[in-house]
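Novice: Chains as they are written, first to last, in UniProt numbering: chain A, 1 to 336; chain B, 1 to 336; chain C, 1 to 336; chain D, 1 to 336; chain E, 1 to 336; chain F, 1 to 336.
Just so you know, not all the hints are guaranteed correct.
You can't tell identical chains apart in this list, so a pair holds if it fits in one copy or across any two.
Taking lysine-lysine pairs in the BS3-like style, the calculated list, with each CA pair at most 30 Å apart, reads [said to hold, decoys possible]:
#: 1; residue 1: K227; residue 2: K183
#: 2; residue 1: K70; residue 2: K82
#: 3; residue 1: K153; residue 2: K175
Because the hints were derived from the structure by calculation, they are not lab data.
Keep in mind that this is a model prediction, so the values were computed, not measured.
Number of protein chains: 6
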Amino acid sequence: MKNILTFGEILVRLSSNQGKRLSEANTLHVNYGGAEANVAVSLAQYGYRTSIFSRIPDHEISKGILHYLKGYDVNTNLIQLKGTRIGTYYLEVGAGNRSSKVIYDRAHTSITELTPEDLDYETIFKDQELLHVTGITPALSDNLVQVTECLFKEAKARGILISFDFNYRAKLWSKETAGQVFKRLLSYVDICSCAELDFIHLLGYEQESERLSYPERLTTYYKKLSKEYDNIAVLFSTKRENLSASTNQLTGYFYTKGQLYESPLFSIDHIIDRVGGGDAFVSGVLHGYLSNWNEQNIIDFATAASVLKHTILGDANIVTEEEVNNMLNNGSQINR
Amino acid sequence: MKNILTFGEILVRLSSNQGKRLSEANTLHVNYGGAEANVAVSLAQYGYRTSIFSRIPDHEISKGILHYLKGYDVNTNLIQLKGTRIGTYYLEVGAGNRSSKVIYDRAHTSITELTPEDLDYETIFKDQELLHVTGITPALSDNLVQVTECLFKEAKARGILISFDFNYRAKLWSKETAGQVFKRLLSYVDICSCAELDFIHLLGYEQESERLSYPERLTTYYKKLSKEYDNIAVLFSTKRENLSASTNQLTGYFYTKGQLYESPLFSIDHIIDRVGGGDAFVSGVLHGYLSNWNEQNIIDFATAASVLKHTILGDANIVTEEEVNNMLNNGSQINR
Amino acid sequence: MKNILTFGEILVRLSSNQGKRLSEANTLHVNYGGAEANVAVSLAQYGYRTSIFSRIPDHEISKGILHYLKGYDVNTNLIQLKGTRIGTYYLEVGAGNRSSKVIYDRAHTSITELTPEDLDYETIFKDQELLHVTGITPALSDNLVQVTECLFKEAKARGILISFDFNYRAKLWSKETAGQVFKRLLSYVDICSCAELDFIHLLGYEQESERLSYPERLTTYYKKLSKEYDNIAVLFSTKRENLSASTNQLTGYFYTKGQLYESPLFSIDHIIDRVGGGDAFVSGVLHGYLSNWNEQNIIDFATAASVLKHTILGDANIVTEEEVNNMLNNGSQINR
Amino acid sequence: MKNILTFGEILVRLSSNQGKRLSEANTLHVNYGGAEANVAVSLAQYGYRTSIFSRIPDHEISKGILHYLKGYDVNTNLIQLKGTRIGTYYLEVGAGNRSSKVIYDRAHTSITELTPEDLDYETIFKDQELLHVTGITPALSDNLVQVTECLFKEAKARGILISFDFNYRAKLWSKETAGQVFKRLLSYVDICSCAELDFIHLLGYEQESERLSYPERLTTYYKKLSKEYDNIAVLFSTKRENLSASTNQLTGYFYTKGQLYESPLFSIDHIIDRVGGGDAFVSGVLHGYLSNWNEQNIIDFATAASVLKHTILGDANIVTEEEVNNMLNNGSQINR
Amino acid sequence: MKNILTFGEILVRLSSNQGKRLSEANTLHVNYGGAEANVAVSLAQYGYRTSIFSRIPDHEISKGILHYLKGYDVNTNLIQLKGTRIGTYYLEVGAGNRSSKVIYDRAHTSITELTPEDLDYETIFKDQELLHVTGITPALSDNLVQVTECLFKEAKARGILISFDFNYRAKLWSKETAGQVFKRLLSYVDICSCAELDFIHLLGYEQESERLSYPERLTTYYKKLSKEYDNIAVLFSTKRENLSASTNQLTGYFYTKGQLYESPLFSIDHIIDRVGGGDAFVSGVLHGYLSNWNEQNIIDFATAASVLKHTILGDANIVTEEEVNNMLNNGSQINR
Amino acid sequence: MKNILTFGEILVRLSSNQGKRLSEANTLHVNYGGAEANVAVSLAQYGYRTSIFSRIPDHEISKGILHYLKGYDVNTNLIQLKGTRIGTYYLEVGAGNRSSKVIYDRAHTSITELTPEDLDYETIFKDQELLHVTGITPALSDNLVQVTECLFKEAKARGILISFDFNYRAKLWSKETAGQVFKRLLSYVDICSCAELDFIHLLGYEQESERLSYPERLTTYYKKLSKEYDNIAVLFSTKRENLSASTNQLTGYFYTKGQLYESPLFSIDHIIDRVGGGDAFVSGVLHGYLSNWNEQNIIDFATAASVLKHTILGDANIVTEEEVNNMLNNGSQINR
Ligand SMILES: [Ca+2]
Ligand SMILES: [Ca+2]
Ligand SMILES: [Ca+2]
Ligand SMILES: [Ca+2]
Ligand SMILES: [Ca+2]
Ligand SMILES: [Ca+2]
Ligand SMILES: [Ca+2]
Ligand SMILES: [Ca+2]
Ligand SMILES: [Ca+2]
Ligand SMILES: [Ca+2]
Ligand SMILES: [Ca+2]
Ligand SMILES: [Ca+2]
Ligand code: NI
Ligand code: NI
Ligand code: NI
Ligand code: NI
Ligand code: NI
Ligand code: NI
Ligand code: NI
Ligand code: NI
Ligand code: NI
Ligand code: NI
Ligand code: NI
Ligand code: NI
Ligand code: NI
Ligand code: NI
Ligand code: NI
Ligand code: NI
Ligand code: NI
Ligand code: NI
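If we strip away everything but chain A, and leave its shape as in the complex, we get (with noise of 0.2 Å):
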């Protein structure tokens, strides 16, 4: 069993029911996201002792979150409690032929007055072995740009890997400030997820000739980054059909010393909830890739993971890992 530190904002997250338009809803559903801390959740489902570094206010909501994190095994001690607000979201849950919305209320939280003098790095990093971080911790405040690259600088020093998620939001910055902030950050990232659109509009890549298939356009981009970031180890990502909000298809890739290996596409219907399928997706790999198993046992493994969040209410992916094996295996029968 391994010790991963994840470090990113907790959101709470009010959703309402399906059918409903936010605007005439009178109960929301209340969970507990956040890119960083659903990968906490998910790879402590798989066994791991998972931390989850973060700032939120010291006051009852804040309660709700550390009682749902330490009721799913993620360690809450790194968790300051301190400041005035929590990121909350807004979800709009779609179906059929609408899509589902999401309405931010994320600014001035706690988080985003960490600053680098906040950060005791013997109490953060002890033990740890991986630190995962998303591209929306960085874009959350000059002061967590900062920050993220003091500790990515610091991990690399203690030798812990790192992995990062691009998980662009185009509604928190610009593609140009991101794609600066990225590219700094990437000279110390071990494992990547990022995708075609990262490269073209983040990372200032040509679009590749669309007569190529779509992972041989992947495999172009992904050897480029491989060789203008050595560090990287590996990268994957997934492709996403959207038949409708209720309806998508999904295949996943996994790219390793100049290989892509693609997963089966998965046809996924009755989507219950979509948040939270990247998270769940990038867990998968995580555990695949420090478990050592092959890369195709690893790029499965993850996208079948990705597919059952999409069955689950709420931002994190609550399944084990024999759960996972299970589906990819015998698909969907009563088990009595």
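Based on these hints, arrange chains B, C, D, E and F with the ligands on the given structure of chain A.
Specialist: Quick look at chains B, C, D, E and F with the ligands alone, frame taken from chain A:
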């Protein structure tokens, strides 16, 4: 922005949860509907100043109706608070291979007692530019046949556009009576929604040869009717394929000046609520027509609007023009 | 109208909301089930006078069971109120790519303590014309193996038809024991539900060549069994394709006098609740058989009944003969 | 065990959640009620074979009514499925200083069309020993005045006991008409529920001096009525103090052979649902009277039964004799 | 009918179910509040043409706010759609011996960015006859102190009545700052709500001797303030006894021309929602005052209105004048 | 901070909504309880490092239990995942004059199969400073009598404090057997919760004269027991007055060194959930005792803690020390 008047009964709808038979329901969802109210609500979301002329009793349940309509920007000043019954219907929401079931409880309602003496044309038609009524209204009582005719005649005299949706309901009256009334009403109509079965069952047309495609047959009917009633400027309808109560396909048709325009075929999966889909379609056509869009845009928009309605619980299509266009152009992404 | 008796355990079912893992559920839906209760309820909706012979404790939860059965016209006079436990099962309702999960809590229940001494044949069999039992009943305890045999023997002696559904449950007993018991029971049976895997795993048949189609293989098994047990007049089963927990395909097979009849293949989308689908099928076959319908009608009706069950929350198929036929003939229109 | 018949309308009740105005409700609770149905249900819980004679339409909502009554052991064979409307009422559940509000929607219902020609006395009265009706039934239509009289006359002729509860409803008819009808009906009645205001407003009695205590005044009225109608064997009623919608005080009075018996004063706090409290009281009196209990036991039991009703959501008093007695004797312990 | 303007923040309120801690809540009820919105809604139910001047962002959640206000007849034309945050608060609903808890999340909200430059007096004050603001508004930002003063000055100049409710919130600002601001504002005020602690903590008055009764002390404070600010025509407040979170006692006081008027003491049991009780009281006073009722009627009505508010879930007092008077006169009967 | 161990069964509790009989419930609330789990949870909220030693099966429902305990900071490492049944109980939540009802379904559960061989003392007692058990644990099986004695003996040997709560449950065993077992266990106990009826029914004491006040009688019993078992340092209990299921009065008593301390009498109105009130009281006493508070503070705090528990749905007292003290000092204000 234009002023629009609709005339018809406002209904209380009581619906069971999905998967529950009405006979087992111990809670029911309350919504408000009625074809003309639905059109008034939808057009208000597109920015029109809409009013509904109707009658409901003066009690608590009516308050809920007024709250609902005002909250969605429908002017309720023309609603008379009089009489003793509100039209009510029970909806057993279908799913998969079980179709929805409607039980009407709308006899003896307040609106059925409305007579031509109750009509104060000055107040009713003040500043109106279009009047919309469906075939349900005259189906409710003999009084309402008279009232509808009076309103049509007076609207015509004042140069107000008249929109009519056949909306034949077999549970309310016979095909014969409906046909006779509709024929009289049609001589006032500018804008008209009706489909193949209406021509055959209500207007007594011969069915065109099945060797003709549906659009070809429809063109024939529409041509014929346009000749008979040269006051009718545009005709339109949808064709629905019921794969199951959860999965449908929908195509829209719009006819004007001898030419039929056809929308793409929309696949609708994971239907939340099909009721009001026709009213959403009519509202979309009226919006496009009053905005002088080109014909293809009108029918694409109206059909997409109807498709979107299927994803919302309740009779009315609570969506903006921008949301319909997003769906037409982008499909079902999470927007964040 | 005929009198029908079933014998088996009545279960309390506690199920989570769709999208919720059982481990996160803070409310559970209460329904009542048990294969033989489900058949009794379904047949009562078709107009039969049904009774269930069973045993449950004498307390508040049992009151709910009695209310449920009486409310759906099942006679409860043969239910003994004795012992201390009610069989319970937890159902995690699957969706899309996540299958449903059942956790049984049915050891040491009241019915398992029933012995042949508790049987008052005069009362139990008074006016009965058919006895239905599934393989779950003898699986529950050694006592119940004995009791089932005693009932079969006595029913036979009284000229009462005997219907048996294999319903093998791996969580309750081994294939070996089940096979031995079933072989003894089969010598009393007139009407029998079993499928390919039952023949191979329980009766020890060789699997027929995969080059034969499924109907061909099934015909071979059924022929063989009919020869071995010439008391068996009809055999039937369904074949299910699990595309996902929400989307299945179902075909029904009915065999009699050397001939296999096959229903159309039904596509089932947006499944609400798959539990009890088999019991709905058996009930449909029993209704058709007792009504002397022709074979094709029997299998079409029974399979359609099973399909309809998938749209209803709860174990039992609360539909009328008319509703099944409507579905067979008309598909999924709103009826208004 | 005795056979008891009640005659009256069965109502669908739609109630808001506590704290919600009806005009804001987006879900409503479904229960079934009607004074005579409530009495039939309550007496069935005490072990009587009860039936209700009534009429409701033949559709899905009626199925729910039949399920409810059968589930609580009320025989529904005398319910005619005919006509088009079910009586419905909306209940805004009060709390604290806001009283409950009832909106009736019960004009033109099936039962109001019942005429003396629809009465098959042999079937209706077979094996009955007591007939219970309240003043609501003749209030519903002129037809029902006639039908009630016919039933009273015929019951009398057959030696069946007649129980009558005044239950005057100002929303249904005037005091004058009610008084005239009640005076005619009283000449058949053996067992009668009425209180001070009934004497003054309906029977035209002078109010007794306020210097007399309530029990003294009531004794005077009861004496007088007993003289006038010597067929009346027992008279009874409750006196309620409304401290708030959540807190009441209740005392029961039972009069027979010149003597008034008074229950203790019960304090009722945290009222869940007051509707049906009177019917629970009447049921308690009928049970005690038919069981030949002594007078003090009768009135204590009946008042305690009514008190218990206030703790149960829904119109009917779903409690056993044992539970009423436990409450009388032990108050409110957890039993474990 | 009069035109009334209020000015203040509109809040989203998220509240847990009774008996649930906020930290365990998995659903929250959505309501809308804010002291000035509550007053606008309540006065609209009494028949006034009310408007609220405010600012909220332009997104889905704001749509819900607009729907709510329009549905309750509050004009929303003066609400500016600008900025990024809506004020939010979490409410843990207390019960019995556990008090309610409020967590504010209202920093950096849209309204706090409003400046005097944003004020278009012509539009804002068109046809207004009274302006109501509470002390919460200037507490929100320095900008809003300025804006409030500007509005008061301009209203005064236009002869518009000014109503001010102290509504001191310790979570928003210090007593010192509040006191200084309030003193400046008071010189414009005609109608003023404040109580003993306001005088002592905010205005720096000495506490009057405890040997004086509360009404006597209050009279002294009111006299003094009336002398200091002879523009203030009426003063009023309530005194609340907290027996528990579910049981309170409330008395209202109204002072004018040297005379204090006192309502009866109201016992409030089974409190559903205490929030907004003060706003309901102020609304009642304003209604009585603008209607020129006599003083005792004003204070009885206003206090009864406040009491009624405690029975309704949500911040606003959705009751009519008739309902308040019914409660005053009749207590808690079911009306049927 | 101290380390505390409890030993006992963890229960799944399924409770109906207020106002619903268990027999009508179609949803049940899921909570987790068990006296010793409740104490572990409550003490964890006061800051202790608590663990529970128990056994539950290895399946989905147990996952919910572990999530719950970990989320509330209870160490679950000593919980063995073995056996087949979880103890379950159904709770019909009473209200007003109807008391709550508990139905146990806890025979044959995992923990009853625990034997002394399963005890690894080193692991179990590592770092523990206090062991708490209630009389429910030995009531569950003969095995558990033995196991409890072994644990008490071993704890004693290790100098760990032993806390014992009589918690006699008539549904689990006879008074005689319980008395014999408790007498043996008492010789190890340091801290003991028992009340008058325990002395009389279980320990065979004579009832003291009713002319003595309750505190006087209790002092006599406590003195006597302290003499018999001089190992017992403190004794305590509550006295409850059941005015109704919604309204109680509670007084706490704490005895040490010959002296009885009495809390104020607390009025508890609008009870949400009384279950676990005793465990909340014991937790409060343990916290005060381990914190060396003075005796009056201990009993006031513990009784207030118990009172607060009545306002929270679920078995455990999810409150902090600060919240209990706030309630003691301030009553029920909204804090904003
Ligand atoms: Ca992502
Ligand atoms: Ca979540
Ligand atoms: Ca339509
Ligand atoms: Ca609607
Ligand atoms: Ca089956
Ligand atoms: Ca069921
Ligand atoms: Ca009554
Ligand atoms: Ca009821
Ligand atoms: Ca206030
Ligand atoms: Ca206890
Ligand atoms: Ca709990
Ligand atoms: Ca509890
Ligand atoms: Ni939901
Ligand atoms: Ni939790
Ligand atoms: Ni995510
Ligand atoms: Ni629903
Ligand atoms: Ni669905
Ligand atoms: Ni419609
Ligand atoms: Ni549900
Ligand atoms: Ni089944
Ligand atoms: Ni409810
Ligand atoms: Ni039922
Ligand atoms: Ni209460
Ligand atoms: Ni009643
Ligand atoms: Ni709620
Ligand atoms: Ni609304
Ligand atoms: Ni307020
Ligand atoms: Ni609940
Ligand atoms: Ni306990
Ligand atoms: Ni309550």
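Novice: At most 30 Å between alpha carbons: which applies to K227 and K183, within, between, both or neither?
Specialist: within (14 Å within a copy, 69 Å between copies)
Novice: If the cut is 30 Å between Cα atoms, do K70 and K82 qualify within a copy, between copies, both or neither?
Specialist: Classified as both: same-chain Cα gap 19 Å, cross-chain 23 Å, threshold 30 Å.
Novice: When no copy is specified for K153 and K175, does a C-alpha distance of 30 Å or less occur within a copy, between copies, both, or neither?
Specialist: within (24 Å within a copy, 47 Å between copies)
Hint violations for this structure: none, all hints satisfied.
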